[in-house]
Amino acid sequence: MSGGIVISSPFAGRLNRTDRLMLQVILALIPGTLAMVWYFGWGVLINMALASAFALGCEALVMRLRGRPILPAIGDLSALVTALLFAITVPPTLPWWLTFLGIAFAIFIVKQLYGGLGYNPFNPAMAGYVFLLVSYPVEMTNWLAPAIPEVLAAHDLATLSFVDSLRLILTGTLPPGLTWDAVSAATPLDEMFSQLDHNSTIPEILQSPLWGDFGGRGWEWVGNWFLLGGLWMIWRGVISWRIPVAVLAGILLPAGLFWLFDPQAFPFPAFHIFAGGTILGAFFIATDPVTACTTPKGQLIYGAAIGFITFVIRHWGGYPDAVAFAVLLMNIAAPMIDHYTQPRVFGHGRREET
Amino acid sequence: MIAILAIAILAAVFGLLLGYAAIRFRVEGNPIAEQIDALLPQTQCGQCGYPGCKPYAEAIAKGEAPINKCVPGGTTTVIALAELLGREPEPIEGGVEKPKAIAVIDERECIGCTLCIQACPVDAIMGAAKQLHAVIASECTGCELCLKPCPVECIHMVPIPTDTTNWKWPFPAAVPAPGTQPTAADPAATAGRASV
Amino acid sequence: MASPPHASQSRPGPRPLWTFHGGLHLPDEKALSSGVPLATAPLSPLLVIPLQQHIGAPAKPLVGVGDRVGKGQLIGEAQGAMSATVHAPSSGTVVAIEERPVPHASGLSAPCILIETDGRDAWAELPPPLGPRPDPEALRERIRWAGIVGLGGAAFPSSVKLRVPAGQRIHTLILNGAECEPYITCDDRLMRDRPGRILAGVRLLRDLLQAEACLIAVEDNKPEAIAALRQALATGEDLYGIELVVIPTLYPSGGEKQLIRILTGKEVPSRGIPAQIGILCQNIATAAAIAEAAEEGKPLISRIITLTGRAMGQPRNLEVALGTPIKDLLALAGGLGSGLRQLLIGGPMMGFACDDLGMPVTKGVNCLLALSAAEAPDPGPALACIRCGACAEACPASLLPQQLYWHARARDLDQARAYHLFDCIECGCCAVVCPSHIPLVQYYRFAKTECLAQEREKRQAEHARQRHEAKTARLERLEEERKANLRKKKEALAEKPAPARASASAPAAAARTMPLADASAPADSAPVLPAGGGAGSGAGEPGAPSGTVTALAGSPGNPGTPGTPGAPGTPTADTSAVDPKKAAIAAALQRAAEKKAALARQGQAPKNTADLTPAQRRQVEAAEARRRELQAAESASSGREQP
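Line order of the protein sequences matches chains U, D and F. Residues 1 to 354 (the working numbering) make up the first sequence, in order. Residues 1 to 196 (the working numbering) make up the second sequence, in order. Residues 1 to 643 (the working numbering) make up the third sequence, in order.
These aren't lab readings, by the way, just hints derived from the structure by calculation. Backbone N, C-alpha and C define an ideal beta-carbon position, used for all residues, glycine too. Any given hint could be a false lead.
Stated by the list, open to error - Result set (DSSO-like, lysine-lysine): computed pairs, CA atoms no more than 27 angstroms apart in a straight line:
hint : chain 1 : residue 1 : chain 2 : residue 2
1    : F       : Lys-483   : D       : Lys-62
2    : D       : Lys-54    : F       : Lys-471
3    : D       : Lys-54    : F       : Lys-483
4    : D       : Lys-148   : F       : Lys-471
To be verified - Partial pick of chain U residues on the chain D-facing surface, computed with a CB cut under 8 angstroms:
hint : residue
5    : Ile-5
6    : Ser-8
7    : Leu-231
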């Protein structure tokens, strides 16, 4: 009656599904994305749309080339998540063809060439970002100023409207009368570390109106909203608490130590959290299950190492934002960490009394 | 000058250390032929062209024989040998992997000539001259060496029946290739759901 | 662990409980069937009793086709230490002993005894009840005779389990009333309806094992069962050391190792047994069966099973005679609904599909589950593993299921074993939480049976190798002996004095040219080499017969060998002169042959002729005698032909 094929238990309903997991990640990104739109304009949404279209298209093409059904592969929404994360990490002024290049690299080479979902050793979004950063450093560091009146006034900056952003991304031209100097501004990380390199002290640097209550203005609030999304994901059980907590601890501890040691040369630890992609990295990027560690202890070590490497690169490395590099470096180490942090199996390694 | 001298001295010192270690800490490993023999299925059938498993193992150890000649061992043995010896595994020559079978003598035809008894490499046939011969099923390795000598061709190979003691769970059906799912046309994807 | 010496139902203050890693909270679905009172199923017209309803060797049938059996009569005896007996569940006639489908994941058949019941349900003669404090050996023997096995599903022979290895003491007896798997409520009903019998069994086990503490563990989703047991504990007698412990509901708390950890905080060593840490675990139904066997002398011939699921018309529990075909029970439970998606034997987490409704209820069948499409949705095709680690979080054995999956899928059994494949209890938690819907448990089961098959093959190969080497050694040894004999003969001949040489060589040559079993003068020497030749050829020793021929005749049948001076022509010319010599040589040859035959008979003949019956021996000797006559006739005629 069964057709001769034996199926094993369990026969209970499954509790989870991959596409539902991915959908919840996307939902968690919404608050932070809205904050980005509020402060930095429509560029990020346009980039998201372009990146998503490119990602789904690339994945469909690859599936076609591999002779596999397209809809199930796209339906698990993993390419969509990659695209959205990528779009958040690149500047809102990025030309469309660079977005395409980055996404194509991420999907074709970093993900599908290694075997598709579940088989890629490197985080595709981060690998795409790094690829672009290294190849097109100028375009990849053209950040906009936050839409906060004091900041704009202090540096004589303007913001871009939706149409302006669209035109910028698609054609690369600014609205008439505006130059790059008028719209772009350094990110807080950029600002902080380039000034430190010029031997300014922290109190001097913090004079600038670029700085808000606990981080760069605008940027700190973006960080907060992403944090909200991240906490929601932990509560829903989409991600485990281990990696985010470990990443944050991995940054805070050395930052705290160095700050205590020399407050003139090292910023207050909270700065690190609310600047750059720390929160995004801790909650959304480092927690990518495919490329992270899988054992509980391993996840703590993985997260802590990412945080630590980020701190090191930010202070002593050449690039202002280091989360992407840190994540990629730890991706390489993840299998080894997994191997050495296997949990103690029930019935092994304990001496029982008889 | 000093650099050259320093490197040369270092090289000499380490070379001496390594040589000493090679002699002092030498471990007598298993001769490779025995390790190869341990991987072979011991059916002593001769299908590899050698008179038994040990001679084949020795030939492999000497490098005279390829590792893909053992038919009863099948692909599993080829792969195990490849791993042991660091060689490339190859498909079995001319062999379709047959299901494991044991010899059964048809009692009505047996004439008691003892030729099969002499041919069996593991003494798995019992009988006497002019007496009925019978294969001891638990000892038979399925090597088929007894089939040819029998003058009345009363020996047949019967596949070992599967019962609840030797049944194996099948590999899960419809395993997707990496990164994808099986197509709707794949019967295994939708079949196998036991329904009454 | 000591309790005050009076009936205790719970210790003052809560008992400390531990937890195990992982586990799942599953909807328990117990309410479907637990409320219906227990009933006994009517007798089926045909009972199918498999000879193996337990772990271990199948029972050996003691009855034949046509025999009349009574209820409770022993119809199958245990074979070996790890085996169990089988009894007739009702009176009737044995109509067949044949292969029938049995409850097993494979759906394969196994030998069964088929009994056609006569409806009278008449008991056979039963052993007498054992007293309230039976002798331990008598109780063990009664448990063994009654064929009692673990009734929680594993069906491990209880008499074997209760035989504690020397040097180990059981200080804690655990009674497993957890019943953690969803849907199943047979233990729940047993605890509600027959708590007294369960306690009687616990008492017997406590005294048998001399356990200090007996903990009856029940999950907290069975309040009525807990109340019934509490009541029985409050009103019962001789309950020293027996305690009811309520544990939180969590799947798989009812797994033996997990339950031991919950109650005692200890872990059973991997691949070990609980007895190694002084603990023994028995299902409460097993305890009840032990009580019945000891107090009433009744063997294990029935059990309670749950028929449930939303595709089952009226879910309930039934007490069923073993061997009852499943189809006979369906009507009692309202039949299978049209929305049936999956029919299982066992629970949804660890059961297997029921292919054939004619399968009988055996000692290990605890549930028949008819799942509707809503309860058992098609998980769909499996996606790629995204390494989320949800499986590792849920695993009660703290394994890394994702690693086991990758290696099992790659058929890398060594690596799978390195990740402790055999510590997996196949509970199914990992597969239920997997977002990619990968059939994880089936990969592990596949890997396990492959490993076991590989080990079996290795053992068989090693065994075959030893037999082959033994045979090769034997052949070499025989060859050596043959050569040694030949050498000795040559030396003996070489030492003969010169004059007799020419004539001596003639009879020797004659002997060489003559066929085996006939030296020069068959008339004056007693049958030469009868035994040697007979044993040689009768034994079927490879090479021996021809060997003997060669030894004696040089190149068999070749009169023209070099060094044989005109052999065919000489014998009769000097017969008169060399008769005494010939006789001596013939006698020497005969002695040598007899000695060889004796050696051959003693131990060097292959075992296939070691145990010949006298009738067989007579046949062999008759055949040999016939051969000797033929050869004698031949040699006589050839002798006459020689000039």
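We went through each hint and held it up to the structure:
Between F:Lys-483 and D:Lys-62 the CA atoms are separated by roughly 32 angstroms; this puts the pair beyond 27 angstroms, and the hint is violated. At most 27 angstroms may separate the alpha-carbon atoms for a hinted pair to count; D:Lys-54 and F:Lys-471 meet this at roughly 14 angstroms. For the suggested pair D:Lys-54 and F:Lys-483, the alpha carbons sit about 26 angstroms apart, so the restraint of at most 27 angstroms is met. Only pairs whose Cα atoms come within 27 angstroms are accepted, and D:Lys-148 paired with F:Lys-471 is accepted, the gap being roughly 20 angstroms.
Interface restraint check: U:Ile-5 against chain D, minimum CB-CB distance 3 angstroms, threshold 8 angstroms, status holds. Evaluation of the U:Ser-8 hint against chain D yields a held restraint, the C-beta minimum of about 7 angstroms falling below 8 angstroms. Among the interface hints, the one on U:Leu-231 is violated; its C-beta lies about 31 angstroms from the nearest C-beta in chain D, farther than the 8 angstroms criterion.
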